[in-house]
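Trainee: Can you build the whole structure from these sequences, using the hints too?
Residue numbers (the working numbering), protein chains in the order written: chain A, 1 to 404; chain B, 1 to 404.
Misleading hints may appear alongside valid ones.
[Stated by the list, open to error] When the alpha-carbon atoms are kept at most 27 Å apart in a straight line, the in silico DSSO-like pairs for lysine-lysine are as follows:
| hint | chain 1 | residue 1 | chain 2 | residue 2 |
| --- | --- | --- | --- | --- |
| 1 | A | K269 | B | K291 |
| 2 | B | K103 | B | K149 |
| 3 | B | K358 | B | K385 |
| 4 | B | K103 | B | K123 |
| 5 | A | K358 | A | K369 |
| 6 | B | K358 | B | K269 |
| 7 | B | K241 | B | K358 |
| 8 | A | K291 | B | K286 |
| 9 | A | K99 | B | K103 |
| 10 | A | K291 | A | K251 |
| 11 | A | K286 | B | K99 |
| 12 | B | K369 | B | K358 |
| 13 | A | K358 | A | K385 |
| 14 | A | K123 | A | K112 |
| 15 | B | K286 | A | K269 |
| 16 | B | K369 | B | K286 |
| 17 | B | K291 | A | K286 |
| 18 | B | K269 | A | K269 |
| 19 | B | K291 | B | K269 |
| 20 | A | K251 | A | K286 |
| 21 | A | K291 | B | K291 |
| 22 | A | K112 | A | K149 |
| 23 | B | K251 | B | K369 |
| 24 | B | K269 | A | K291 |
| 25 | A | K241 | A | K251 |
| 26 | A | K99 | A | K356 |
| 27 | B | K358 | B | K291 |
| 28 | A | K123 | A | K149 |
| 29 | A | K241 | A | K269 |
| 30 | B | K385 | A | K385 |
| 31 | A | K286 | B | K269 |
| 32 | A | K149 | A | K99 |
| 33 | A | K103 | A | K123 |
Note that these hints are calculated values from the structure, not bench results.
2 protein chains.
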Amino acid sequence: MQIYINGKAARQNGDNMDRFSIAVAQSGGPTAAVNSSLAGVFRAASLCPAIDNIYGAINGIEGMIGDELADLRRIITSDEDISLLRTTPSTLLGSCRYKLPPKEQSGNDYIKIVNTLDKHNIKALFYIGGIGSMDAVVKLDEYFRAVGKDIRVIGIPKSSDNDIPVTDHCPGFGSAAKYAAATIQEITRDSRVYSTQSITVIETMGSRTGWLAASSCTLHANGESAPHLIYIPEAGFSDEKYLHDTAEMVKHYRAVITAVSEGVCGSEKSAAEHLERITAERFGCKVRSVKLNVMQRCSSHISSLTDLDEAYDIGAAALDAANRGESGVMMAFRRIPGEQYRIEIFTEPAVNCVGKIKHFPAEWINESKNGVTAEAVDYFLPLIKGEPVIRYENGIPVHFRATQ
Amino acid sequence: MQIYINGKAARQNGDNMDRFSIAVAQSGGPTAAVNSSLAGVFRAASLCPAIDNIYGAINGIEGMIGDELADLRRIITSDEDISLLRTTPSTLLGSCRYKLPPKEQSGNDYIKIVNTLDKHNIKALFYIGGIGSMDAVVKLDEYFRAVGKDIRVIGIPKSSDNDIPVTDHCPGFGSAAKYAAATIQEITRDSRVYSTQSITVIETMGSRTGWLAASSCTLHANGESAPHLIYIPEAGFSDEKYLHDTAEMVKHYRAVITAVSEGVCGSEKSAAEHLERITAERFGCKVRSVKLNVMQRCSSHISSLTDLDEAYDIGAAALDAANRGESGVMMAFRRIPGEQYRIEIFTEPAVNCVGKIKHFPAEWINESKNGVTAEAVDYFLPLIKGEPVIRYENGIPVHFRATQ
Chain A
1 MQIYINGKAA RQNGDNMDRF SIAVAQSGGP TAAVNSSLAG VFRAASLCPA IDNIYGAING
61 IEGMIGDELA DLRRIITSDE DISLLRTTPS TLLGSCRYKL PPKEQSGNDY IKIVNTLDKH
121 NIKALFYIGG IGSMDAVVKL DEYFRAVGKD IRVIGIPKSS DNDIPVTDHC PGFGSAAKYA
181 AATIQEITRD SRVYSTQSIT VIETMGSRTG WLAASSCTLH ANGESAPHLI YIPEAGFSDE
241 KYLHDTAEMV KHYRAVITAV SEGVCGSEKS AAEHLERITA ERFGCKVRSV KLNVMQRCSS
301 HISSLTDLDE AYDIGAAALD AANRGESGVM MAFRRIPGEQ YRIEIFTEPA VNCVGKIKHF
361 PAEWINESKN GVTAEAVDYF LPLIKGEPVI RYENGIPVHF RATQ
Chain B
1 MQIYINGKAA RQNGDNMDRF SIAVAQSGGP TAAVNSSLAG VFRAASLCPA IDNIYGAING
61 IEGMIGDELA DLRRIITSDE DISLLRTTPS TLLGSCRYKL PPKEQSGNDY IKIVNTLDKH
121 NIKALFYIGG IGSMDAVVKL DEYFRAVGKD IRVIGIPKSS DNDIPVTDHC PGFGSAAKYA
181 AATIQEITRD SRVYSTQSIT VIETMGSRTG WLAASSCTLH ANGESAPHLI YIPEAGFSDE
241 KYLHDTAEMV KHYRAVITAV SEGVCGSEKS AAEHLERITA ERFGCKVRSV KLNVMQRCSS
301 HISSLTDLDE AYDIGAAALD AANRGESGVM MAFRRIPGEQ YRIEIFTEPA VNCVGKIKHF
361 PAEWINESKN GVTAEAVDYF LPLIKGEPVI RYENGIPVHF RATQ
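Mentor: If you want it as structure tokens, here you go:
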């Protein structure tokens, strides 16, 4: 990102005291939808006559502290740009893992942030991120109230792990789940070619929660028998139980496909490598492990249109919430009961999300603790539906890039 | 596959002695295009009035030896089926790694194969596979000639490694290259999010040849600076040279992206893990390694339309070659000189391919031995172009499946 502002507003504010600027920041691990939320905030803000500059903070809260802001109106200059940004993975504005200290311990960061906000007449800050980012939303909102600043802070959730409380699901998750399902289906085809027994263990993200591994159950809705076993942290795990289950599946399937959350064997072990080793020792057949690695969070070329649309909409709704005067809240989805999948967007005090984690529900784990129920399939299916139009150039998806 | 014939023809041959049946087999490692070649043979054969049954041998040569044949007309029953088969990865008919022994050592396999062929009145055998499969084409053709059987054997190349001699490129390679380019671009976006230095090493297939790692240079045609370094077996490799090159790149790029063939560090080491370790030791920054694993050969959802079309066409051309009386040949592509990318299909005695391997050309390696030339980009670009229409159901690509 080269178009920094560094203390100089790109355009002068008029004399109209009602006009103000806003800032957006992205934080935490990238997803395929986190730029779609940025596009949603940007688009809604650009339609709002009272809003002067739309700033992007470079590398999340670090950019707010260091006054490194990009003038987004100079970067996102057309509808075509917005469209490309929506299908570009990762964070246009960079990210950070910096945790804002409690204001009692270090007021310095807070003072710097207020200086940045004041200098650019920023009256609303949108923070797109995971649970850690909601902690920053709470702290900043409390600080601004304490020092009498009318600056609104709105959290916009994103997580390919789907582990943020309150919201029905997280923007970014549907695309990760779609990638995982499509890829596990392809690996299933690949695994079945030989006439001999094989066992393939596919590791998804999820160190503490099993949402993503569990979501591979959507393949069953399309008549696929794989994955034959699903292991998630919430169900408990033991090597012996796993080996027993696998022995059962070997009786039925020449190519056994197992999906596991990275966290099932504890944080110190790679689930994929550990299970590959003990499976090979026990069964002596062809055993493979595959990690979906960072691809599962950044594969925009097979993102879920539902996910990208919802990520965009929740970004736009965040601007509305700020305009309504809300602050210290996280935007969230609620599923409207009924046959048809529909969601509504609401706000929740961000403090209700901090320090919590949303686990995969115990009642959606099957009795054998090695799979999920039909209710889980119903939950996941709408989230992976729909395919965005991807623009290709030279056979490669085109990404929105502000700079090299 | 459940619709076996096992010694019983699905339909009786008429009295017309000119009518005959054919068999198709798939062998070696799966690719995203190997079913498109099967579809090409099938479609051309189904339009040929002289051809009675179209058999698929289950698990390659094993199915020919064991008389395990599928009646493809009962499995592929519509144009929709053909269309789906073209975008379904891996081998519909299964595969094998069985190497036919020299006929002097064991005539038994050959006698069984002839029995299978005779029983079903099969006069032409199409073998879709890699270099190893061309060995079978040569042996079978020689055997049939020696025993006075007029049975034609035609090899149809497939390789995601692109390592088969004679042909300009291999069906299956373009799709692997497209997947690798798209994925490396997405990993590049993902790697750039933080403000701190990082180095990402991405390992592609290619134990002996560097075609696939080299093909990631296509990203440069779209203005991407990554991959910043490319290492392939043909260029030679040393840890010290790699670390020196990486140190240079760290001066220029906050997120260094390196593509390596799995074979660069020798066959006993995982290139990704080895390079991750020595990079972390030397640079002390965030270092990641990513293996594109089996996904690079089976990701049909991002396959190259050029590749799928060519794979289909070379399958159809193989039927023509058999009808013309050719045997013991491999089908191959030749690039027609000119501004526009065009290919022609020709036949080459399969014996000219056996025991050989096509290396990445030395003259396309850059002077620093850590990248490729513009000529290489020109070679690769046409192969990854075009996107097939993928049918989705429930947000997941639909695969052609004869059975579960």
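Trainee: All hints, please: hold or fail.
Mentor: Results for each hint:
Note on K269/A and K291/B: the hinted pairing holds, with a Cα-Cα distance of about 18 Å set against a maximum of 27 Å. Simply put, K103/B and K149/B have alpha-carbon atoms about 15 Å apart, close enough for the 27 Å limit, and the pair holds. With a CA separation close to 23 Å, the supplied pair K358/B and K385/B stays within the 27 Å bound. Restraint check for K103/B and K123/B: satisfied, since their Cα atoms lie roughly 20 Å apart, inside the 27 Å limit.
Restraint check for K358/A and K369/A: the C-alpha separation of about 19 Å stays at or below 27 Å, so the hint holds. This hinted pair checks out: K358/B and K269/B have alpha carbons roughly 23 Å apart, not beyond 27 Å. The suggested pairing of K241/B with K358/B holds, with an alpha-carbon distance near 25 Å, which does not exceed 27 Å. For the given pair, K291/A sits about 19 Å from K286/B by alpha-carbon distance, which is consistent with the 27 Å threshold.
The hinted pair formed by K99/A and K103/B fails the criterion: a straight-line CA distance of about 71 Å is larger than 27 Å. At most 27 Å may separate the alpha-carbon atoms for a hinted pair to count; K291/A and K251/A meet this at roughly 25 Å. A C-alpha spacing of about 19 Å is found between K286/A and K99/B, which places the hinted pair at or below 27 Å, so the restraint holds. For a cut-off of 27 Å, the pair hint linking K369/B to K358/B stands: about 19 Å separates their Cα positions.
Taking the CA atoms of K358/A and K385/A, the gap is about 23 Å. The hint holds against a cut of 27 Å. Taking the CA atoms of K123/A and K112/A, the gap is about 15 Å. The hint holds against a cut of 27 Å. For the proposed pair K286/B and K269/A, the alpha carbon gap of about 19 Å is at most 27 Å, so the pair holds. A distance of roughly 25 Å separates the Cα atoms of K369/B and K286/B; the hinted pair therefore holds under the 27 Å criterion.
As the CA atoms of K291/B and K286/A are separated by approximately 19 Å, the hinted pair is consistent with the 27 Å bound. Distance hint between K269/B and K269/A is fulfilled; the C-alpha atoms sit about 21 Å from each other, no more than 27 Å. With a CA separation close to 13 Å, the supplied pair K291/B and K269/B stays within the 27 Å bound. Of the pairs offered as hints, the one joining K251/A and K286/A holds, with about 15 Å between alpha carbons and a cut-off of 27 Å not exceeded.
Between K291/A and K291/B the alpha-carbon distance is near 8 Å, which keeps this suggested pair within the 27 Å criterion. About 14 Å separates the Cα atoms of K112/A and K149/A, which keeps this hinted pair within 27 Å; it holds. A hinted pair counts as satisfied when its Cα atoms are at most 27 Å apart, and K251/B with K369/B qualifies at roughly 19 Å. Taking the CA atoms of K269/B and K291/A, the gap is near 18 Å; set against the 27 Å cutoff, the hint holds.
Taking the CA atoms of K241/A and K251/A, the gap is near 16 Å; set against the 27 Å cutoff, the hint holds. At roughly 16 Å between alpha-carbon atoms, K99/A and K356/A fall within 27 Å of each other, so this suggested pair holds. The straight-line distance between the Cα atoms of K358/B and K291/B is roughly 23 Å, inside the 27 Å bound, and the hint therefore holds. A threshold of 27 Å between alpha carbons decides the hint, and for K123/A with K149/A the separation of about 9 Å falls inside it, so the pair holds.
This hinted pair checks out: K241/A and K269/A have alpha carbons roughly 17 Å apart, not beyond 27 Å. For the hint pairing K385/B with K385/A, the CA-to-CA distance comes to about 26 Å; that is within 27 Å, so the pair holds. As the CA atoms of K286/A and K269/B are separated by approximately 19 Å, the hinted pair is consistent with the 27 Å bound. A C-alpha spacing of about 22 Å is found between K149/A and K99/A, which places the hinted pair at or below 27 Å, so the restraint holds.
As the CA atoms of K103/A and K123/A are separated by approximately 20 Å, the hinted pair is consistent with the 27 Å bound.
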